[in-house]
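The listed protein sequences derive, respectively, from chains A and B.
As numbered in my numbering, residues 1342 to 1453 make up the first sequence, in order.
As numbered in my numbering, residues -8 to 107 make up the second sequence, in order.
For the record, the hints were derived by calculation from the structure and aren't laboratory data.
Hints are not guaranteed to be accurate.
[Unchecked claim] Simulated restraints, written as ranges between beta carbons of each label pair: (1) B:Pro31 <-> A:Glu1344: 19 to 27 Å; (2) A:Ala1409 <-> B:Lys5: 33 to 41 Å; (3) A:Glu1346 <-> B:Pro31: 30 to 38 Å; (4) A:Lys1397 <-> B:Glu54: 20 to 28 Å; (5) A:Glu1344 <-> B:His(-2): 41 to 49 Å; (6) A:Lys1408 <-> B:Leu65: 44 to 52 Å; (7) A:Ser1410 <-> B:Thr73: 40 to 48 Å; (8) B:Leu17 <-> A:Gly1370: 15 to 23 Å.
Beta carbons: idealized from backbone N, C-alpha and C, even for Gly.
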Amino acid sequence: QKEVEQNSGPLSVPEGAIASLNCTYSDRGSQSFFWYRQYSGKSPELIMFIYSNGDKEDGRFTAQLNKASQYVSLLIRDSQPSDSATYLCAPQRDFGNEKLTFGTGTRLTIIP
Amino acid sequence: GAVVSQHPSRVICKSGTSVKIECRSLDFQATTMFWYRQFPKQSLMLMATSNEGSKATYEQGVEKDKFLINHASLTLSTLTVTSAHPEDSSFYICSARDRKTGYGYTFGSGTRLTVV
Chain A
1342 QKEVEQNSGP LSVPEGAIAS LNCTYSDRGS QSFFWYRQYS GKSPELIMFI
1392 YSNGDKEDGR FTAQLNKASQ YVSLLIRDSQ PSDSATYLCA PQRDFGNEKL
1442 TFGTGTRLTI IP
Chain B
-8 GAVVSQHPSR VICKSGTSVK IECRSLDFQA TTMFWYRQFP KQSLMLMATS
42 NEGSKATYEQ GVEKDKFLIN HASLTLSTLT VTSAHPEDSS FYICSARDRK
92 TGYGYTFGSG TRLTVV
């Protein structure tokens, strides 16, 4: 079983719709979860960070965490063409063990 | 926000030569820096964790004698790919976190290495 699993996509979503990106992880000791966006040929940039069960909203982005189910998701509302990128999920065990393990990423395409 | 400057952005070298990649934390002190490698259409794979003033910790399967990491100061970490071969061609990215201001990890802009 992979440590972090994401649907590789590509996921195609019409402009203005909600894009839903999912991630499951195997390490029950994971405490914090990061979502990164990576444009082709560029390095990742941080989108969201969540560590408590439930939802966390930041603008058009909402991260959802369910530790019991070992599941974290990212919702993008009012999708824009500029949201087209690969989205990487990265759980972290704790701040003392700082390394991040990345999923393979989901390639999202927003269709104008 | 925290900025990590990475150079060079792109390098082409001949097989058998060595290449040095630098990462600097511009406005914060990075006691720990992470080095990743990314092959086309694949995810980031952590190569090693670089700690200021001590030896780097390498992930399983990463040759420490081939990928030399030096973290001589709180703002500079370097990765040297020694005796590079075509299979080392990849996108190398460093990352660090400003512990004082946030939880997120900032990535350098990456180095596209092509070995010919």
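41 to 49 Å as the expected CB spacing between His(-2) (chain B) and Glu1344 (chain A), which holds or is violated: Since the Cβ atoms of Glu1344 (chain A) and His(-2) (chain B) sit about 31 Å apart, the hinted range of 41 to 49 Å is violated.
Leu17 (chain B) paired with Gly1370 (chain A), Cβ distance criterion 15 to 23 Å: 33 Å, violated
Beta-carbon spacing of Pro31 (chain B) to Glu1344 (chain A) - inside the hinted bounds 19 to 27 Å or not: The hint (19 to 27 Å, Cβ to Cβ) holds, given that Pro31 (chain B) and Glu1344 (chain A) are roughly 21 Å apart.
Ala1409 (chain A) paired with Lys5 (chain B), Cβ distance criterion 33 to 41 Å: 54 Å, violated
Status of the given 40 to 48 Å range, CB of Thr73 (chain B) versus CB of Ser1410 (chain A): 45 Å, holds
Range hint 30 to 38 Å (beta carbons of Glu1346 (chain A) and Pro31 (chain B)) holds or violated: 20 Å, violated
Lys1408 (chain A) paired with Leu65 (chain B), Cβ distance criterion 44 to 52 Å: 34 Å, violated
CB-CB spacing for Glu54 (chain B) and Lys1397 (chain A) relative to the 20 to 28 Å hint: Since Lys1397 (chain A) and Glu54 (chain B) have Cβ atoms about 40 Å apart, the given range 20 to 28 Å is violated.
Checked against the numbered hints listed earlier, the structure breaks hints 2, 3, 4, 5, 6 and 8; every other hint is satisfied.
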